[in-house]
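Chain by chain, the residues:
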Amino acid sequence: MRKIAVLYSGNSHQHRTFYEPKYKAYLHKIVYLPELSSTTLDDVDVLIVPSQLHQRQVSKNLDIIMGVVNRGGTIVALGAQSQNWFPGHNWEFRPTNFWWWLEKDAKSGLILRQPEHDLFRYINLLDATWHYHGVFFPPVGAETLIEVDGDGAIMYIDKVSTPGTLIMTTLDPEYHYGSYFMPATERFLTGFLPWLAEGSI
Amino acid sequence: MTNHYSHDLKTPSFLFVDSGTYFGSQTTRKEQENPDTYVIDIYDLPSYDLSPHKILVIDGFADQHLLLQQSEQIRQFLDQGNILLFSGNLFLSWLPGASLFVPKTIHHHSDYNVHFHHPHPIFEGVEADNLTYNKGVSGFFARGHHPIPHQAEVLLTLEGGEPITYIDRYSTKGTILVHSGSNLLGYSMRSNTSGRIGTQLKAWLYEEYEQISKRRITS
Chain A
1014 MRKIAVLYSG NSHQHRTFYE PKYKAYLHKI VYLPELSSTT LDDVDVLIVP SQLHQRQVSK
1074 NLDIIMGVVN RGGTIVALGA QSQNWFPGHN WEFRPTNFWW WLEKDAKSGL ILRQPEHDLF
1134 RYINLLDATW HYHGVFFPPV GAETLIEVDG DGAIMYIDKV STPGTLIMTT LDPEYHYGSY
1194 FMPATERFLT GFLPWLAEGS I
Chain B
99 MTNHYSHDLK TPSFLFVDSG TYFGSQTTRK EQENPDTYVI DIYDLPSYDL SPHKILVIDG
159 FADQHLLLQQ SEQIRQFLDQ GNILLFSGNL FLSWLPGASL FVPKTIHHHS DYNVHFHHPH
219 PIFEGVEADN LTYNKGVSGF FARGHHPIPH QAEVLLTLEG GEPITYIDRY STKGTILVHS
279 GSNLLGYSMR SNTSGRIGTQ LKAWLYEEYE QISKRRITS
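If you read the sequences in order, they're chains A and B.
Take 1014 as the starting number for the first sequence in my numbering and just add one per residue.
Take 99 as the starting number for the second sequence in my numbering and just add one per residue.
Watch out, some of these pointers could steer you wrong.
Simulated pairs of lysine to aspartate or glutamate, EDC-like, Cα-Cα distance not exceeding 20 Å [what the hints assert, rightly or not]:
{"hint": "1", "chain 1": "A", "residue 1": "K1172", "chain 2": "A", "residue 2": "E1129"}
{"hint": "2", "chain 1": "A", "residue 1": "K1172", "chain 2": "A", "residue 2": "E1160"}
{"hint": "3", "chain 1": "B", "residue 1": "K202", "chain 2": "A", "residue 2": "E1199"}
{"hint": "4", "chain 1": "A", "residue 1": "K1073", "chain 2": "B", "residue 2": "D209"}
{"hint": "5", "chain 1": "B", "residue 1": "K202", "chain 2": "A", "residue 2": "E1033"}
FYI, nobody ran anything at the bench for these hints, they're computed from the structure.
Nothing here was measured: the structure is a model prediction, and the numbers come from that model.
Working from the sequences, and respecting the hints, build out all of it.
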């Protein structure tokens, strides 16, 4: 089982998600972001960078965070990427349509690009379907797993931009689950964390 | 007196605590342009003198471990006759008199219905349905509550009577307003009556500050 750590900015939704026993069971370490500079990540295989961290502290500690991929480990970045913390994602803002499912012949617009990928033994497209805050245009050589039909990617795996692996998704399941909001996000986390721990990445 | 007056002119009444998060950044930018409000980074709180301000505003993206560490500073600010507006879900005991957030078990979407406990100027002219529903969907406003301290004044409840918004004038010498949802000051510029809350809340906060000052003089 891979050792997974998650960065934690001490807010209520992160607390609810990361300390929920069924998810905490997959977390080797919950790293309080203000203490990151005095914490070792050397024993960590996968570092989750959730969507609602204190952004200036992330920027300040970027060398430590990128150290995980630079030594061959994996970083999972959740949510919008309005900062250039991780290389090559080419994130573009999209106005969030919270309401697509109320429309006639509702379609989320999301499609699986690689339905045979190991991740989809753990989650299905509906588990990854709520809304998104933007899209990525990943670098050549990255594998797109979920994309918006006719637009960019909302989840991809990049093994070309760094010596390690970047798993980038615009989805923010830890925010919604921790805010008691959006049931699909619970199914997403229930499959996604075991895949990170033991699946084929 | 002249000095005191000019100090009041220069020091914004509101102090908004910036969580530093992406979702908080829109509010932070808005508050930075607001002449009534001074914005500080949450991690600057320990070295910051709160006393020139009247109203401390903290939202649900704030680091509650830091707030717990600073709970004495926050209590002192309140005991000086000031006001704290907290909107969010408490999971640590840093707020005087307050209990931890209790999520609501939802059996039906009507469980999220918002009710006025009694009329209050903050919600004057606001229709309850405009709080409950957003494009016909409920659940955005509050998804649980904080059990109230002794003698608190309840403003809003959920369908089962759970108090989601209350005023506490007894746990400290100031006033605490707790709302178990998103920043109540953010309810402005909306297409329905919920947009009245921001302005009315602000007016009420100023008025409440004056009332606290009077209470202190007479007590």
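Quick rundown of the hints versus the structure:
no., hint, result
1, A:K1172 with A:E1129, "holds, 18 Å"
2, A:K1172 with A:E1160, "holds, 18 Å"
3, B:K202 with A:E1199, "holds, 16 Å"
4, A:K1073 with B:D209, "violated, 43 Å"
5, B:K202 with A:E1033, "holds, 16 Å"
Violated hint: 4 only; the structure is consistent with all others.
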